[in-house]
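**Student:** Spelled out, the chains give:
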Amino acid sequence: MSDPLELTGAQAAAAIRAGDLDARELFEAYRARAAAEELNAFTWVGDEAPATDPDAPLAGVPFAAKDLFCTEGVPSQAGSRILEGYRPPYSATVVRHLQEAGAPLLGKTNQDEFAMGSSTENSGYGPTLNPWDRTRVPGGSSGGSAAAVAAGLAPWAIGTDTGGSIRQPAALCGIVGLKPTYGAVSRYGMIAFASSLDQAGPLTRDVTDAALLLRHMVGQDPNDSTSLPFPDPIALPTAERLDGLRLGVPSELSSDGIAPGVREAFAKTVALAEELGASVDETTLPHAPHALAAYYLIAPAEASANLARYDGVRYGLRVNGDDGLLEMYTRTRAQGFGAEVKRRIMLGTYALSEGYYDAYYGSAQKVRTKIADDFREAFDRFDFVITPTSPTVAFTLGEKTDDPWAMYLNDYCTVPVPLAGLPAISIPNGLSEGLPVGFHVIGPAFSEPRLLDAAYALEQAIGFDGAEARA
Amino acid sequence: MIDRAQVEHVARLARLALDESEKDEMARELSGVLEHIEKISELDLADVPPTSHVVDVTTPLRADEPTACLTREQALDQAPATQDGGFLVPSPGAAPA
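Chains as they are written, first to last, in my numbering: chain A, 1313 to 1783; chain B, 13 to 109.
Please note: incorrect hints may appear among the correct ones.
[Unchecked claim] Calculated lysine-lysine pairs in the DSSO-like style (CA-CA distance at most 27 Å, straight line):
#1 B:Lys51 - B:Lys35
#2 A:Lys1580 - B:Lys51
#3 B:Lys35 - A:Lys1712
[As the list claims (entries may be wrong)] Beta-carbon label-pair distances, calculated as ranges:
#4 A:Pro1369 - B:Pro78: 32 to 38 Å
#5 A:Gln1532 - B:Asp31: 42 to 48 Å
#6 A:Trp1717 - B:Thr70: 53 to 59 Å
#7 A:Arg1688 - B:His48: 54 to 60 Å
[Said to hold, decoys possible] Covered by chain A, per the in silico footprint, the following chain B stretches (three or more residues, Cβ under 8 Å):
#8 13-20
#9 52-64
#10 75-82
#11 86-93
Since the hints were derived computationally from the structure, they do not count as laboratory data. Where a beta carbon is used, it is the ideal one built from N, C-alpha and C, also for glycine.
Just chain A, same shape as in the assembly (with noise of 0.2 Å):
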């Protein structure tokens, strides 16, 4: 047969169903790769590959996860200096599920710590390369997930999205990135940054990837009271057309800021759309623009109250210093916390201190009810609402870490949708500058079924090919 490492996650588990395939070998040559790996997309890599059914669901085809998921007895880090060495004594219910569903654990990514980043470039374990340009950023904060499977180091990974991070860096390496709607993926064990945003979905090499491993992903969670039960089965996707489709481009996320390279795609796939079947009319979501700044005071505050628990007493860090407790904390945090956490936690206690609260985080938590109705109303009138994942194509590492705002706008299209909740998937679609571009598709909650669907018929219509960046 041809290749192993170049199956799809979905076609591997087939093959090995069918007997050409041996999942240990296909283990073995994965941890093989991961473990020689020059991106620094891996923190921790597998040394076994443990025994599985091939009668399972996944069969047996291993998976990479963000380093953030609580994994029993493994390295669990969260790309922090804090957490160095913090071993759990449990696994996250997501984590649990794919084993349960036949998928062994690879390995875990690099990532932003504490998911605060777009490049990747704040892990307390050195920035991820880009597979496409190793002179590049993956994006963020899940680029270790992201590299890993565009190079393919890894069949598939598992991320976590607060603000874009699944769908940017899944974008910048050229693969398929969902964040699913708040509630459908448990977040027991998924170590804390914005509990009312954070959602953990798939990084994949294609859309049918992704709808399999979010099969095994979504349910409800007793030790997750946010989390409900999906309504729907999640079958793989099979649409090939688009008929009677209605996609809404909304003219606030469309154009300013938007590099050419990117508009130029966008158009491309947009007049695809329409061959495919489907209507495309201008729609606006007047609150978007705000929505950076809602995220930026909604998101460091949660961030702020969850970091709270990084105090040197129960696991991680502990630095002592010469007068007692308060001193003991101050400086574990002080040493423990990379620039950009810092930062964040101290924008979000600013927001959240006395006379600054309802100003800022009241204020956000309004603008986070204006953005929800702004595509409650798009989507009167359109099934889905459609965008360029990311403003511009993976930039180069440094470019942007001088000028936080700078990093944040690369969230600009992305950082509306988990305000309101919703589930949204970024497909490759064209290069630019050599580079990959990605296609974000928004939908009401819920809606993931039909979501991957549209983005399979797209995904067979565009014919993206990411070979180039395994080779």
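Given the structure of chain A, go ahead and fit chain B onto it with the hints provided.
**Tutor:** Just chain B now, with coordinates in the frame of chain A:
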């Protein structure tokens, strides 16, 4: 927009030790970000209800029955310091200035 004294106050609330050069840099960077964020004050949000969560969060109650949980050994396993089956911390010492 946010000055050094405010940075020191917020750092104290956040239990973060910042050295002198970090304080100036933090003041400059936070001011830069807040300049963009303050544009939301241009919106009329008077009658808009806030959204804290997109899911209707209620607090579900489970049956009050004992279930498995971490053992004491597991809970203490990753701690930087333990003593007599508990987490060991430095003395609370002097009150914060």
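**Student:** Please flag the earlier hints that this structure goes against, numbers listed from lowest up.
**Tutor:** Per hint list: 2, 6, 7 and 10 violated.
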